[in-house]
Amino acid sequence: MDLRQIYSQIIMDNSRSNKYRHEMPDATATERGYNPSCGDDIHLSVKIEDDLIVDATFIGTGCAISQASTSLLCGLIKGKTIKQAKHLIETFLGMIKGEITDDEILEEELEDAIAFKNISTMPQRVRCAVLAWRTLDLIIAKQTGTPMTE
Amino acid sequence: MDLRQIYSQIIMDNSRSNKYRHEMPDATATERGYNPSCGDDIHLSVKIEDDLIVDATFIGTGCAISQASTSLLCGLIKGKTIKQAKHLIETFLGMIKGEITDDEILEEELEDAIAFKNISTMPQRVRCAVLAWRTLDLIIAKQTGTPMTE
Amino acid sequence: MKAILKMLANPGFDLERVRSDFAYLELDGPIIYLDNAATTQRPNQVIERMDNFYRFENGNPLRGAHRLGTAATEAMVKSRSKVAQFIGSKSEKEIIFTRNASEALNIVAYAWGLNNLKSGDQILITRMEHHSNFVNWQFVAQKTGAELAFIELTDDYQLDMQDYRNKISERTKIVAFSAASNVLGTIPDAAAIIRIAKEHNALTVVDAAQLAPHVQVNVQKMDCDFLAFSGHKMLGPLGIGVLYGKSEILQAMPPFLYGGEMIEYVEDHTSTFAQLPYKFEAGTQDVGGMVGLAAAIEYLEDIGLEKIAAYETALADYCVAKLEELPYIEIYHPKQGAKGPAIAFNVKNAHPHDVATILDYHGVAIRAGHHCTQPLHRYLGQNSTNRASFAFYNTKKEIDLFIEALEDVKNVMQIDI
Amino acid sequence: MKAILKMLANPGFDLERVRSDFAYLELDGPIIYLDNAATTQRPNQVIERMDNFYRFENGNPLRGAHRLGTAATEAMVKSRSKVAQFIGSKSEKEIIFTRNASEALNIVAYAWGLNNLKSGDQILITRMEHHSNFVNWQFVAQKTGAELAFIELTDDYQLDMQDYRNKISERTKIVAFSAASNVLGTIPDAAAIIRIAKEHNALTVVDAAQLAPHVQVNVQKMDCDFLAFSGHKMLGPLGIGVLYGKSEILQAMPPFLYGGEMIEYVEDHTSTFAQLPYKFEAGTQDVGGMVGLAAAIEYLEDIGLEKIAAYETALADYCVAKLEELPYIEIYHPKQGAKGPAIAFNVKNAHPHDVATILDYHGVAIRAGHHCTQPLHRYLGQNSTNRASFAFYNTKKEIDLFIEALEDVKNVMQIDI
Ligand SMILES: Cc1ncc(COP(=O)(O)O)c(C=O)c1O
Ligand SMILES: Cc1ncc(COP(=O)(O)O)c(C=O)c1O
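Residue numbers (the working numbering), protein chains in the order written: chain A, 1 to 150; chain B, 151 to 300; chain C, 301 to 717; chain D, 718 to 1134.
Take these hints with a grain of salt, some might be off.
Each computed DSSO-like pair below joins lysine-lysine, with the alpha-carbon atoms no more than 30 Å apart [stated by the list, open to error]:
| hint | chain 1 | residue 1 | chain 2 | residue 2 |
| --- | --- | --- | --- | --- |
| 1 | B | 247 | D | 810 |
| 2 | B | 292 | D | 810 |
| 3 | D | 1113 | C | 418 |
| 4 | C | 443 | D | 810 |
| 5 | D | 1052 | D | 719 |
| 6 | D | 719 | C | 418 |
| 7 | D | 1039 | D | 1113 |
Read the hints as simulated data drawn from the structure, not as lab findings.
Generate the whole structure from the sequences, applying the supplied hints.
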């Protein structure tokens, strides 16, 4: 595996993008996600109206992997229903675990976030990649009572 | 080394002898000696008049080695001065440590207690053999302030 | 006896191959090792697993940003799931690695006991507890003012269930008991004890140090709240033990030891703590010990715990039958009920330490002393006892040689019975 | 630099022979292990010593009435005297074996701290403490009401002795400090710290986890009251650590963990406890770990601690000089004073975990994170840092490869400095 498959241009660009990196004063829910071992630390905010995620932003610090993943997540879920977002979480986590491998499906659903596919070969970085997704899952669980994805 | 060199007739006889095994109501000093790991447990009593050990008895339970050693000690120190008793302690401990090996000296001073000479080959039983001697040493240390033998 | 002899001749596993895994059997001046309840021997597979870890997978676990750290973390995670599966725990979160069973029982005493007990409460333990499940409760009783009470034994050295029913009450907050006695061999009915405790809303602490090596433990079936055991008594290395606890209960407990890895955020004056099981594992953990324990469990499972239990029971039954033939031997071992392969006995008119020394001279390793159960020994009216305890690598022939050596004890000690 | 290069070329011991003792260097895809402050690697001699113990000397120590028990007891006793001699302790009674440095520091917190501190007292620690010498004192402060205060650092990452003098007072009952920082490398003047503490009748606790592997420790010369370190950071196995304490102080402390071996008499409701050091060692102890630690000490002594320190210092100095040449690197390491071979740094505009991953890809193992020093990292204004840390089996060439790999970090992370 080549390093550039992990630190791809998509990930590098998104890790530095400020597009979704700001506070959201009118958020309906905000959760902190933290990896104690490496210090990745994000606050993910969403604004949910009826069943629709109308906005998603974050602030935080961490490695390129965690920051790019969070940024991509915000872009992906904005405009999606909670149900669609939950499905995306399942697809993303399924990809990381190597359970969903079909590139067509992944690309279709996760768009640029397919860039994290190779992270499964680096067990010590998996937690960075999934941090935002688990945080979103927690928000959804609190809102809707849906059990969190394994 | 043959077992019978440890469990010699002298030791077996002395371990069962009741000659010195009784309370001493008019003792001037009594100390408890205990080996927590094996349960040897003696109370050694002496009656000291001026500098003379006029009587020595014990009660207690324990293995043949500890009981025989205690019994022989009582017989040996009875009638000795404190200084002589202290010298006997040093000789006995010196023998056990293998520092005093001359049988003539040992026999002359320790009499039948030379029977414990071979115990030095059984490290796990050394504590049984020296229990009474260390207890006597403590009595002497408390009485006279002499430091205890190493 | 016929069934016993049959089992000893045909244990259902390859005894010779098993024995070839244990290096101590190659020592000059063969050793008949009958001190397995103190600590077992370790098969080469366990030693080699640890070696491999130290040579090629060694890094600081949980901290690793590099492949050796990752290897060590994986070794830790896999060992923990092996243990979880072995004792039938729901989740790895419930498996806390400790130094030994003693430390595990101290964690319960400190982190649960000191924080949940008060004057008026009762701690119920048994007469046959090991000091490690005894002195810790004395400490908690002294600190909190709770009362420490004891379930006594029947004349057949079994736990007196009637006495238990009499003593337990709504005041009883915790029942801590040995699931197999290290002296008598007694295996009380853990399920019944736990059921009765639950009726009184008391928590249960199972000291499985002598059970786990011999009988398949299942914490979910038992439904105990805590369970402790030591690796070194079941082929694993020294220095590693396990505390199982139900996750709700562990979650509600404050941490015990403080330090690296067990924290989440550390501010100057306050801290928050890591998730289970890490909350209870402060500082760099003994992954070498963990992989050794996991390898030991695999070794036991490869043979099969049922086969091991059946064969060890046959060894113990055979030994008891042989000892009973000797008029100068007194045995402290139940006649009825389940028992583990530990047998306490005394040679009449001979002190246990003399007995052990003479047996050692004949190459037979047993233990003499109070076996960390002074209160039980006071009850037995004995300062100390001898104990022979078996593992599945022992043989009938070793027991025969042990019995022969006892005859020489009789001679050397000049016993005339 | 000339002197450094000379030392690196001629360390005064046979570097190649030393490297042949470490199995990890034979791994495919060579590993440049620069994470020695987290845990060192272990030479074959240490692993083989443990193997031999487990194969041929394995019994339950202190309990043995047979030759294997005696062998294990002897192994324990010899290891303890090796440690006592190594740190210059007066007596084996002052050497308590623990799982790791963290546990050692917890024993002081629990068994001394909780019993001797009260509201109004002050506990003085430093800004650079590892969580293991930090969170335990938070706990004691919270339980006893004592105040927890911090000695701050100078701009050169050294302990601010003026701040220390300002903060210490008659209220200060204990001064606990790291004798070598695991992040900055800083080695404060332990003797001076202890002298000043004594002037105020405060006890001293030395966290020597990062000092003992590199510099000859002498507790009598230091005159500290307690000292803690871990075996696994100095070639020994995981799972074994040491608490040194002055015997008068240890004697006056109540026990910490309760159980087998640490008792004298156990009655139903009260117990008396064993002599030092056994009073603090509950349950079956890790003799395998002890012999491993003793073998590690022998390995270090065979090379010579002075030679080791000199060579490791040269490695660190060389590395700092090389790092300083890179404009995109920020270093957190004192310029003046004594320092150990640990260097914290950051790559500007790159998160430490990304740096570590990329270096790992190049076979270079360093650590990234807060290194169990969150309060220090808050002071540094960094969430986390990278750390390279050296041992005497590292080489100049390995550092050169590390520096080269940093260049690729710069490329991959698209850093433009
Ligand atoms: C300075 C310092 N103190 C204490 C510790 C704790 O050591 P351990 O994790 O072995 O308990 C460490 C290492 O992690 C350390 O670097
Ligand atoms: C029944 C029982 N409980 C607890 C222990 C304590 O085990 P460890 O010494 O490994 O902590 C033992 C063994 O000594 C035991 O036999």
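Hint by hint, where does the structure go against what was stated? Just the numbers, ascending. 3 and 6
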